[in-house]
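Top to bottom, those sequences are chains A and B. Read left to right, the first sequence gives residues 1 to 115 (my numbering). Read left to right, the second sequence gives residues 1 to 114 (my numbering).
Below, computed lysine to any residue pairings styled on SDA-like, alpha-carbon distance capped at 25 Å:
#1 B/K106 with A/P61
#2 B/K81 with B/Q37
#3 A/K24 with B/A42
#4 B/K81 with A/Q108
#5 B/K109 with A/S87
#6 B/K81 with A/V89
#7 B/K106 with A/M60
#8 B/K113 with B/H38
#9 B/K68 with A/Q99
#10 B/K68 with A/E103
#11 B/K106 with A/S58
#12 B/K106 with A/E83
#13 B/K106 with A/T113
#14 B/K106 with A/E103
#15 B/K76 with A/E103
#16 B/K106 with A/L46
#17 B/K68 with A/A102
#18 A/K68 with A/T20
#19 B/K76 with A/R101
#20 A/K24 with B/F45
#21 A/K78 with A/L46
#22 B/K57 with A/F105
Selected chain B positions facing chain A (Cβ under 8 Å, derived; list incomplete):
#23 G31
#24 F33
#25 A42
#26 P43
#27 Y48
#28 L87
#29 F104
#30 G105
#31 G107
Far from chain B, some chain A residues (derived; all Cβ distances over 10 Å):
#32 E18
#33 L96
#34 T113
Treat the hints as calculated values from the structure; they're not laboratory data. No residue lacks a Cβ here, since even glycine has one placed at the ideal position from N, Cα and C.
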Amino acid sequence: DAGVIQSPRHEVTEMGQEVTLRCKPISGHDYLFWYRQTMMRGLELLIYFNNNVPIDDSGMPEDRFSAKMPNASFSTLKIQPSEPRDSAVYFCASSLAAQGRAEAFFGQGTRLTVV
Amino acid sequence: GQNIDQPTEMTATEGAIVQINCTYQTSGFNGLFWYQQHAGEAPTFLSYNVLDGLEEKGRFSSFLSRSKGYSYLLLKELQMKDSASYLCAVRDRSYGGSQGNLIFGKGTKLSVKP
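Taking the hints into account, I'd like the entire structure generated from these sequences.
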């Protein structure tokens, strides 16, 4: 398997624009996670899905953020409208389970810069 | 609430041993992970502890004391390629889902010098 695949790797956009980040999890993994990483706050969980269903979105910072998982092999994280403070690296991760020693496998991340 | 503390940065010499500490406070501890993250790359899994004691895996070992809310990652025979950030993460039952999701510390940036 190619691992978790994210696109784009880098995104530079102007404040107010819509941004869509994409993720393809590892085949067979039932859990998908979206994280955001910044120097100040480290790695924060935004939302996670189990079998394509959003389970916990309490980490989503504002209504400007939304995430979908229309099928088992694809998820999107959308920011509309984007703001400079949204600049961060956004990671998607997937795992077989969300318990015990089930490890999360991370994609290479999308580095978002909002100017 | 949850709180995970790690030193921000550490420096060590090639060939030496380094210990990276992690202390945590969670209401529903259900396992501790260490991840390695090279600059500009994704975090990758290193180790998992759920019971007290030492888990050894090659040059890397991880220790857990649940009563003290404490873990450390021990890296032996340091190599230049070990320069990376090391993230401590705790699975907390009170944080999303029945078994709990991972809460990450901010990471310790390790620099290995020749």
